Structure formats: structure tokens, C-alpha cells
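From first to last, the protein sequence lines are chains R and E. Sequence positions in the first sequence follow the working numbering and run 702 to 1124. Sequence positions in the second sequence follow the working numbering and run 702 to 1124.
None of these hints come from the bench; they were simulated from the model. Hints are not guaranteed to be accurate.
Copies of the same chain are indistinguishable here, so a pair counts whether it falls within one copy or spans any two.
Said to hold, decoys possible - With a straight-line cut-off of 20 Å between C-alpha atoms, the simulated SDA-like cross-links for lysine to any residue are:
{"id": "1", "residue 1": "K951", "residue 2": "V927"}
{"id": "2", "residue 1": "K1042", "residue 2": "N997"}
{"id": "3", "residue 1": "K993", "residue 2": "A1028"}
{"id": "4", "residue 1": "K1042", "residue 2": "A992"}
{"id": "5", "residue 1": "K828", "residue 2": "R845"}
If you're wondering where the values come from, they're calculated on a predicted model, not measured in any experiment.
There are 2 protein chains.
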Amino acid sequence: MALIVQKFGGSSVADAESIQRVARRIVETHEAGNEVVVVVSAMGDSTDELLDLASECTASPAPRELDMLLTAGERISMALLAMTIKGMDVDAFSFTGSQAGMITTPDHGSAKIVDVTPGRVREALDKGAVAIVAGFQGFSRDSRDITTLGRGGSDTTAVALAAALNADVCEIYTDVDGVFTTDPRMVPLARKIDSITAEEMLELAASGAKVLHLRAVEYARRHGVVLHVRSSFTGEEGTIVYDPAKGHPKGVQVEESVITGIAAEKSEAKITVGGVPDVPGKAAQIFEVVAKTDANIDIIVQNISEEGRTDISFTVPVTDGERVLAALEAEREALGFGRLKMDDQIAKIAVVGAGMRTSTGVSAQLFRALYDAGINIEMISTSEIRISVVTRADRMEEAVRVLHTAFGLDAEDEATVYAGTGR
Amino acid sequence: MALIVQKFGGSSVADAESIQRVARRIVETHEAGNEVVVVVSAMGDSTDELLDLASECTASPAPRELDMLLTAGERISMALLAMTIKGMDVDAFSFTGSQAGMITTPDHGSAKIVDVTPGRVREALDKGAVAIVAGFQGFSRDSRDITTLGRGGSDTTAVALAAALNADVCEIYTDVDGVFTTDPRMVPLARKIDSITAEEMLELAASGAKVLHLRAVEYARRHGVVLHVRSSFTGEEGTIVYDPAKGHPKGVQVEESVITGIAAEKSEAKITVGGVPDVPGKAAQIFEVVAKTDANIDIIVQNISEEGRTDISFTVPVTDGERVLAALEAEREALGFGRLKMDDQIAKIAVVGAGMRTSTGVSAQLFRALYDAGINIEMISTSEIRISVVTRADRMEEAVRVLHTAFGLDAEDEATVYAGTGR
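Bound conformation, chain R alone:
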């Protein structure tokens, strides 16, 4: 008997018919002799509808009340799912984040999980019932208030429960077949990846692959939770995300490929601070100012110094761009820089593979492929198992296609692409 956590996103429970389909899958898993814990998001667009209602009522909704409002979404989907399963003669209980023991910090809208005490979930399983848990939500012991985990919250709930219950696997159901070598809507010859290490998945998620949220992958890696990303529409196996140190959950011997996947995104902007006095500590001063804005800096490049002055460029999420510019502008005198400009017409492309550690020549191969296609590289950043480059935004898709072919990732046939966004 295995303990399986299954997570279904909003598009999988968008209406009564989808809820019945999801319920049948849960019942099948249960009847195959497994203990099943289900984490569910709010139905379809219902979260957006609640946000619209809030903005009709008031210009800036109080975060505590916004969390109270939004948590109604999963309450509805989990109750409907539980009663549908019970209607199929399998016992089921729904639990709010609070009831399921998702204890968080009191930060409304972006709470962090500090403890998971799933006593009631365990009791339900011990009774032979399926436990349905609301994703995305938690409870703060400090404030005694309901909280939400923010973006990627439901995936994180599922992974955290899987870790706390010592589950055999955490299945993330989505509207694609698994994790692909790259976005199949961009590269029709993208291949589904059967197995990927958590470390690689982390680099892909951090670089813009949307199928799993970075935060959930981080949590899974830290707690050794095996993930299975698979389609809620088919019964096919999807992608296993595992820790190679612990071995593949199915005992499969996976040969490390040099390059596993390619992620790309246009959601970053490049900020260039020009004419910075090239004296020690100046860069630190600039990044202290940026850090105070809470913007996430990704790639940093410092040009070679000329005449005692240098240019520093870095990328931040487009949505943080104006805030960072304003913060730097306010300190222009103290920092002593010349030009300040933002360029939001950039794309970031990341090539990821654990085999990179032991392979040489990967970067040379990458530069050559892009050079041959006439695509200019504006910034470069590397980790042990990733090379990221920044190009013009309008060359992104071409660059990904060229690299996908160059690194031998192309499939023989085109992938099936479902409607939807992968979330």
C-alpha cells in the first residue's frame, strides 16, 4: 500500500463534469489499494472572479480580508470534490488548510509554511477515507488568522503534505503530459522528459519553465519528495522528479544526459547603470539600494572599466523595473553614476543539464549555435548545471529552437499540445 498525494489545479476542477472526472481518478487510485490525499485549487477562474469582486468593492483590499475572501475558492472546490467522491461510495473528508495543519507565518498573500501537523488528514486515512485538502491556504498561530501562500501555493501545499506524511509520491496533475525538453507550443519537436533530477527541475523552474512552481520544487528537493508531473486528461505516465542520491523511485537506471531541457522567458528587464566610478565597494552600494526594493536580481554583468568608470547591468522581473529605477534615481548623487536605463525587450534562455558538470564544451557548442543563427548574446550567467544567456526578445523562439536541435533534444514527432497555459 502506497501513500499518494495528488494535486489538481483549477482547470482540472473547473466545473461539475471535471470534478466528476477527477473524483473517478481519485477513486481508482484508492481502489487500487493506496492511501490517497488530494490537494485541490479553486475552480477554474473563480479566484480571478473573487479578485474582481474585491476590486469592485474597494481600491486596495486589506490583505487579511483578501486572504479570507480567496480561501473561499478552495473551500468550494474541496467540498464539491469530497461530496462527489462520497457519492461514488468511497468515504472522503475535506479539510481547510487550517484543519489540515498547514501552519504558516502571518504574512497575508505570501505566507511561508513553518510547520505541517496533518493529524486530521492522518486520522481520515486511518479510517480508510480519502482526505481532500484545500491548496494555497494556511493558518498563522501568531495572528490566529487565515493566510494564503501566494503564487504556486497549491503545488507547495501538496509537496509539504507529502513530506509531512512521508508519502511515496506527490502527483501534480496538470493540462500537459509532463515536463518537456522545452515549451512544446514554442518548439513542436519538444520531447516529454521521463525522469529529471530535482536539481535540474529547480534550474528549469527558476528559468521560466511554468509546469511546476519553483517554490514547490525547492520544497520537494529539500525534503526528498518524489514528484510525478502528469496529465489530468490521460492515464499516461508523466515526468518523475527525483533525487538521484536516493535513486529513481521505480529503480530505473537513468543515464545523465548532458542537456535535459531548455527554458525561456521574457518576463525580465535589463537595467544598466552607466558611468559608475570604478572604485571598490561601488557595486555593493548599488546592489544594496536595489535589494531594499525587494526586487529579485538575476543576471549581473560588469563591463571592463574605461577611464576609471564602468557600466553595470543586471536583470530584474519587468514588474519590479520601475521601482528599481526610482530607487536608484533617488540615490543618484550618492552612487555617482551617469546614465540609467531600462530595456524590457530582452529574453532569457537557460540550458539545463546535470551532465554539464562532467561534460566540457557545452558553452562553446551553445555560443556556436547561436552565432551561426546570427543571434547576439547580451549577457551570460552560469551555474554548475545551467548556462543562461540574454538575447533580444524577438529572437527568443528561434534561439530556443536552434539550441533544442543543437543539443540533440528534438523528438521524431511533434508533441500534442492541449489548450490552456500549463497551469
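For this one, chain R is given, so just place chain E on it according to the hints.
What follows is chain E alone, placed relative to chain R:
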């Protein structure tokens, strides 16, 4: 400084605009120097929409999950209301039934309040904030589950909180101006009643007056809570429901009127068990069978015995009729009756007034008025301050009009009738 509990029903918070109107009223009450606790129902038709969703998902929704589902409704309205008030620069916190300390029995769908521990509500008031509480819902300590109070639940929540917090008044906002001498849609010359005793209100509510739920009135009477039923559309004073032993809250000397109001309803059916052997204990046997169906028996009439056999008639809610018939039919042999029939074309009219205790001739006046109008009385039942009669359903409105005039209740002008049902 007074402590005021204000209850707003679903039609008062049906959309963003209504929520803002309600928020303004709450802010005004707060800024006039009062402590304000608000009890709110789910928005407009949202409870029905959730029920529809449930029935699309499964034929017979599990009661625990149905309560989980339905409580999402008030969660949405209370959060929207709280954030709207905060947007008007008055501090506000929303609380679920559980957070507000509405402790109930574990009976899903019809839980009874067993304790009210509004510690967090009191804390919010002590901080100078408005407390917004979800109506209709509670929490069972035994099952650790969320419950709902069933019909009239939000009124009951408001009254229970008012009692626990020792509030000065519990204002029930509705879409009519207050309690009327009878339904103004039926009798245009109906008058708004300025003050009514809780006892009279109880008889009117039990007899079909829809403006207040029987259960809430009972709770208010038992705990000495003063109610103020008023319009959510105007600023006008409505109807004060008070305990004459404690005196009128505004010190007004109210002269007891012989007849205060007339209620009428068509929701009962008359069941006649014919040819019952006229032996001791037979009636008891019949009503034991009926009691097991949980149907609420109202009026009972036993005819004069002929040839050792008698007829017993009684009224039950139409919705319970078939169940009662089936239960009796199943025991036909043991009970030994002859005919069994149900008549759902009846109306029940109740004339209520505390002055009836000391006045004589009220029933004679009632019978004369109906006789003069050619309306036949089929059953009669009386309490200390009420006379109820059963007539044909199609004569109900005429009977009420005739009695309204006969007992001197007619106003000089016709009442303003708003759209909506009064709930």
C-alpha cells in the same frame, strides 16, 4: 456608547454596490460612537448557486461537505464587507462562525447553538474596530467540524451574539420597513407596527409572518434581546420587538392593543385519518407514528364520535405531507383506521394580540367577520394570545383583509411595498 449588532441579509449584500451601501451605514453607526458587530448572510443568490453546483456533482451531497460548501458563501460576503469598511478608513475584521465562537451541536444543516464565546469579536471591539461575523455557520467541538444552523440561521447568529455580548439592540435589516400588521402585499392598508412584544412576535412568526425567523425570535425572547427590524434602504425607524417586563428600550409607554397583527400562510396541508376506532390511546398511537417522521404537527381537530369511530385531522407542513401519509399507511393495520387523505388546498390565518388575554369577545368577532364574508372555518386552534383558523386556500387573502378591517388595523394610506420577498 451603545453596543449594536446589525444583521444584513443576502439581498442587502447582493453586489459590490449594495456592499458599499451597507458599509456606509455601518461606518455611520460606528462614527456615531457605537460599538458595532455585523452579522452578514451570503451574497444574493449565492447559496442557491452553491446548492445547484452540489446537485450537479452528486445526487445526495454528504451533509458535512454541504456545510463546508455553503459556509464559503458568508466567507465571501463578510470578507468583502470588511475590506470595504477598511477602505473607508474604519478598522474592521471579519470572523467565521468558528472564529466568532458560535459553538454548535454537530448536526450538519440544522445545528443548534450550544455556546457562544465571542472572545475575538470582543477583542476587535476593544481595538475600536468593527467586527463582521459570518451568519448561519458554527463549529462543533465534538466533531471539530464546520456546521450550519439551517433556516433563519443568520438572524439566529445575530441574536445569539447580541445576547452573548450583552448588546443594547440587535438590528435586523431587511427589505421592508419593519413588521406590519399583516403582509402589505396582501393587504395594501397594512400598518407598520412601531413596537411589539416578543411574545406576540413569536406567535406571528410561528404563524407565517416571514420578516423574522421563529427561531431567532425565540432566542431573543429567552435571552431578553431587544430586536429592531428595519429597512436597509431607508434610515427610518422600524419595529422594536421587546420584553414588556423589562420595559420598552426607549421608555415609550405602549398601550396593549387587543389585536396586534395577522399572519397567514398556505404552506400547511391537512391530513385526515378517518374511521379511527374511538378507544382510549388510539389518538396517541396515531401521533406517535407521525412523530417518528419528525413532521411538525400544528393544529389538531378530533370530530365527534359516531358509531364507535371518529375522524382525526391535523395540519403538517406540505413538504412533510407525503412522508406522514406513508408512515400512517405502513401502520394502517395496527392503527385500524379507514380513510386516509391529504388536503393541501388550505390556508392558516392567525390573529395575534397580547390584549386578547384581558379582552373578551375576540373569537366571536372573528367568527362573525368571516361568516359575514361567507368564508367557512375548517379548523380552529387558540393560545393565550392567538386564534388560528384554517380556511380554503383561495379565500385566504379575502379572510385576512376582512379581519384586518374588522379588528381596526387598517391604515389611512397604503403601505409602500418594495420588491423582494421580505427575506
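Status of each hint after checking the structure:
Taking the shortest Cα distances, K951 and V927 sit within 20 Å of each other inside one copy (11 Å), while across copies they are farther apart (69 Å). For the homomeric pair K1042 and N997, the shortest alpha-carbon distance inside one copy (18 Å) is at most 20 Å, but the shortest distance between copies (77 Å) is not. For the homomeric pair K993 and A1028, the shortest alpha-carbon distance inside one copy (8 Å) is at most 20 Å, but the shortest distance between copies (75 Å) is not. Taking CA atoms no more than 20 Å apart as the test, K1042 paired with A992 passes inside one copy only; the shortest distance there is 18 Å, against 82 Å between copies.
With identical chains, the CA atoms of K828 and R845 are at most 20 Å apart between copies only, with a shortest distance of 16 Å across copies and 29 Å within one.
In terms of the numbered hints stated before, the structure departs from none.
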